[in-house]
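Colleague: In terms of the numbering used here, the sequence shown has 37 at position 37, counting the first letter as 1, and numbering is strictly consecutive.
There could be a bad hint or two in this list.
Restraint-style ranges between C-beta atoms, simulated for each label pair [claimed, not checked]:
1. Ile61 / Leu9: 17 to 25 angstroms
2. Gly89 / Asp161: 36 to 44 angstroms
3. Pro100 / Ile133: 27 to 35 angstroms
4. Asp7 / Gly89: 36 to 44 angstroms
5. Asp165 / Glu185: 26 to 34 angstroms
6. Asp159 / Glu72: 44 to 52 angstroms
7. Ile133 / Asp50: 37 to 45 angstroms
8. Asp7 / Glu72: 26 to 34 angstroms
9. Gly82 / Thr4: 15 to 23 angstroms
10. Ser115 / Asp38: 35 to 43 angstroms
Straight-line Cα separation of at most 20 angstroms, PhoX-like style, residue types lysine-lysine; simulated pairs [to be verified]:
11. Lys147 / Lys52
12. Lys132 / Lys147
13. Lys16 / Lys65
14. Lys16 / Lys193
15. Lys116 / Lys188
16. Lys193 / Lys92
17. Lys92 / Lys123
Hints in this document: simulated from the structure, not taken from any laboratory.
A virtual CB, placed ideally from N, CA and C, is assigned to each residue, including glycine.
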Amino acid sequence: MILTKQDVLDNINLFKQTIFVYPTDSIYGIGCDATNYDIISKLRTIKHRDEKPFSIIAPSIDWVKEHFVLNEIELEIVNQFGNWIDVDGVLKPFTILLTPKDINFLPENLTFGLSKVGVRIPKHWISDIVSKIGFPIVTTSVNVSGKVHMTSTDDIDKDIDEKLDFIIDDGMLNGSPSTILTVDENKKIVYLKR
């Protein structure tokens with residue numbers, strides 16, 4: 001089922017117990033409720049992604065501040081959510097690895113016991129949708145692990161498409177996956193993926 005932005009705004013409850021494709025400020029993502037162990041397991045099967053952790057799109061900056069331990073550098077970066085950051089003179093979407101205040105507030109099959117979680121809030125209207133649903137969603141590329149990232153819903157792998165509950169189409173996206181960064185123990189920004 002192909003949906004528009006207005007369709008999902010009119011039916012926010014669609015996001016419970018479902019797996020869906022959605023646009024971001026970079027590429028199309030595939031996601032689900034990041035607090036639901038069973039639906040995350042189903043997404044892992046679809047993605048053929050056994051043990052790599054997933055990142056999340058957070059509902060709001062305040063939600064991030066409530067659930068993660070933030071030093072002053074991380075707080076400065078988190079306050080830039082909804083915008084892009086300068087990476088070597090180029091503005092890019094970003095994901096930051098953060099330490100949860102309580103590692104058990106997200107399911108183990110999301111993090112695989114790692115001490116940090118990838119968190120982002122895209123510079124895109126999908127962030128308004130996530131804010132309205134009030135819980136974080138998994139954010140990962142639509143492709144099967146190891147294949148090309150998707151910038152158009154026309155490019156969805158047939159095997160994945162058959163297992164989706166719905167697709168939010170926003171046309172052609174001109175992007176690449178977000179930059180992944182962390183702040184080390186010396187409070188220096190480290191780019192893990194540019």
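Colleague: For the pair supplied as a hint, lysine 16 and lysine 65, is the alpha-carbon distance within the 20 angstroms limit?
Modeller: Between lysine 16 and lysine 65 the Cα gap is close to 24 angstroms, so the pair fails against 20 angstroms, i.e. violated.
Colleague: How does the Cβ-Cβ distance of aspartate 7 and glutamate 72 compare with 26 to 34 angstroms: does it lie in that range?
Modeller: For glutamate 72 against aspartate 7, whose Cβ atoms are near 41 angstroms apart, the range 26 to 34 angstroms is violated.
Colleague: Is 15 to 23 angstroms right for how far apart the beta carbons of glycine 82 and threonine 4 are?
Modeller: For threonine 4 against glycine 82, whose Cβ atoms are near 22 angstroms apart, the range 15 to 23 angstroms holds.
Colleague: Quick check on a hinted range of 36 to 44 angstroms for glycine 89 and aspartate 161, using CB atoms only.
Modeller: holds, 38 angstroms
Colleague: Please work out if lysine 92 and lysine 123 have their alpha carbons no farther apart than 20 angstroms.
Modeller: holds, 10 angstroms
Colleague: Are the Cα atoms of lysine 116 and lysine 188 separated by 20 angstroms or less?
Modeller: With a Cα-Cα distance of about 16 angstroms, the restraint between lysine 116 and lysine 188 holds, given a limit of 20 angstroms.
Colleague: For the pair aspartate 165 and glutamate 185, does the Cβ-Cβ distance stay inside 26 to 34 angstroms?
Modeller: violated, 41 angstroms
Colleague: Return holds or violated for the Cβ distance of proline 100 and isoleucine 133 against the range 27 to 35 angstroms.
Modeller: violated, 20 angstroms
Colleague: Below or equal to 20 angstroms on CA atoms is what counts here, so check lysine 193 against lysine 92.
Modeller: holds, 11 angstroms
Colleague: Quick one: are isoleucine 61 and leucine 9 within 17 to 25 angstroms, going by C-beta?
Modeller: Check passed, 21 angstroms falls within 17 to 25 angstroms.
Colleague: Would you mind confirming whether the straight-line C-alpha gap from lysine 132 to lysine 147 stays at or under 20 angstroms?
Modeller: violated, 32 angstroms
Colleague: Are the Cα positions of lysine 16 and lysine 193 separated by 20 angstroms at most?
Modeller: violated, 31 angstroms
When held up to the earlier numbered hints, the structure conflicts with 3, 5, 7, 8, 10, 12, 13, 14 and fits the remainder.
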